[in-house]
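According to mature numbering (1 follows the signal peptide of the UniProt record, and there is no 0), the residues represented by the sequence shown are -24 to -1, 1 to 428, in order.
Hints were generated in silico from the structure; no laboratory data involved. Note that CB positions come from ideal geometry on N, CA and C, so glycine has one too. Among the clues, some could well be false.
As the list claims (entries may be wrong) - Cβ-Cβ distance ranges computed for the label pairs, FRET-style:
| id | residue 1 | residue 2 | range |
| --- | --- | --- | --- |
| 1 | S340 | E261 | 30 to 36 angstroms |
| 2 | T142 | G79 | 46 to 52 angstroms |
| 3 | G170 | D321 | 57 to 63 angstroms |
| 4 | G409 | D151 | 32 to 38 angstroms |
| 5 | T142 | K233 | 22 to 28 angstroms |
| 6 | G149 | E51 | 30 to 36 angstroms |
| 7 | D321 | E153 | 49 to 55 angstroms |
| 8 | E153 | G303 | 19 to 25 angstroms |
| 9 | I59 | R371 | 55 to 61 angstroms |
| 10 | D306 | E222 | 25 to 31 angstroms |
| 11 | E366 | I266 | 22 to 28 angstroms |
| 12 | V156 | D124 | 40 to 46 angstroms |
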Amino acid sequence: MFKSKKVLILAIVMVLTLSLVVTGCSNNESDKSALKENKEASDEKSGKEVEVDIFQFKVEIAKELEEAAKVYEEENPNVKINIQTVGGGDDYGAALKAAFQSGNEPDIFNVGGPQDIKDWMDKLEDLSNQPWVDKALDGVLSGATVDDKVYALPFNLEGYGFVYNTEIFKAAGIDAEKIVDFKSLEEAVKALDGKIKNGELKDDYPLLESVFEFPAKETWITGLHTSNVALGQEFDSSIEAFNSEEVEFKYGDSLKKIIDLQADYSSNRDAKQKLNAVDYTTQAEEGIAIERVAIIQQGNWVYGLVNDVDEDVAKKLDILPIPLEGGKEDSIPVGVPMHWVVNKDSDDGVKDVAKDFLDWLYTSEKGKEYIVNEFHFIPPLTGYEDLEVEDSLGRAVSRYAEAGKTTPWVFMGYPTAWGMEGLGNNIQKYLSGEYTWEEVISESQAQWKEMR
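Make the full structure from the sequences, and use the hints.
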């Protein structure tokens, strides 16, 4: 993860300028080439099929990852790649633990930042000598490095905020460029809400029923991403959050305003306890993708889901900041969402293929095409000079990065399960009326100390 806001900004800008940053590698290229040639020769001679089991969390790329794996299999006839995807509305962390406990250990799986690396260290293969390490952008390996050893390959760089439909805003006479802080956002939301209620937008947007859809069922959205807007300005990095014994909630009141705004102008404004049943699909594919709502709190990863429903709607999307009163109000959180790791207890031949597949996916010409054009990823590595991010939300994240308007992702440094099972559940109790906001804060502070 990023060590500081300054390093974060530099890292993202480097994605855009595609400068080469050398982070160091323990073996030279000739040694790596020789090892790969020996492995390939051995596999070809034996003709033995090697199966690699992948257990991954990103539902947005499930189909495309399967397609990429088939291309790799065509190039490597002795390889069979099996992919299982668990994410979205399902708890990937719990599912991963269950897989290991059952004895069905995957060969490639996903971990977050420093806390996950610590939790899974006994299963992580040292990847320091992999070819892609030399290509990593400055800062992106910090959350996956322990004692100068690299244990994980970053998925990509992502940013999130309030994803909105630009055409609905124009139809309502709202100038998004004038939304520069929480006050101006709140004014725009109230104006849009009024036009939805009085039917002014009905002819052009017959399904439009509310400004926001707020999926409080998904505690990864509320307990991780929403909270990070505030805690990303309390802690400078995920490392700092990881090392902290307590959480202050310096911007707790401002966080409450962000949650209240989404709940108060959602389709369940009059029965907020129902928000605890609203899921990711309802928010994305059944929300903004069909123009039933105008704004959702999401990131550039949602582009593919919307595009699968309606390509025209996907092209209309842009990102507004989630403004934090008292802090930075014109920026979006940007960081590494997840990492690929290799199970060190897998057979040596399987580990060799697993490593080769990950390297192929991120450094070969065919693999890079999938990373940018099919996965819609902002690459964490150099070497993508000929491939530009083309989707609307990827361009939006790039725009904020170029302007230096970013804050870090620190939720990877939260205590294990605190964001989802602690704070996320407490926010649900707030929406149902069981907790006051003060109780949300006090209970979450106590849980941080206990879970740390």
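Hint check results:
Range check, S340 to E261: Cβ separation about 31 angstroms, and the 30 to 36 angstroms hint holds. Distance hint check: the CB atoms of T142 and G79 are about 50 angstroms apart, consistent with the given range 46 to 52 angstroms. With their beta carbons about 60 angstroms apart, G170 and D321 fall inside the hinted range of 57 to 63 angstroms. Judged by the Cβ atoms, the range 32 to 38 angstroms given for G409 and D151 holds: they are separated by roughly 36 angstroms.
Look at T142 against K233: about 24 angstroms separates their beta carbons, and that is inside 22 to 28 angstroms. The given range of 30 to 36 angstroms is broken by G149 and E51, whose C-beta atoms sit roughly 54 angstroms from each other. The hinted window of 49 to 55 angstroms between D321 and E153 holds, with their beta carbons roughly 53 angstroms apart. Between E153 and G303 the CB atoms are about 21 angstroms apart, so this pair conforms to the stated range of 19 to 25 angstroms.
Between I59 and R371, the C-beta spacing of about 29 angstroms breaks the proposed range 55 to 61 angstroms. Here the CB-CB span from D306 to E222 is close to 29 angstroms, well matched to the stated 25 to 31 angstroms. A beta carbon spacing of about 23 angstroms between E366 and I266 agrees with the range 22 to 28 angstroms that was offered as a hint. The given range of 40 to 46 angstroms is respected by V156 and D124, whose C-beta atoms sit roughly 42 angstroms from each other.
Checked against the numbered hints given earlier, this structure breaks hints 6 and 9; the rest are met.
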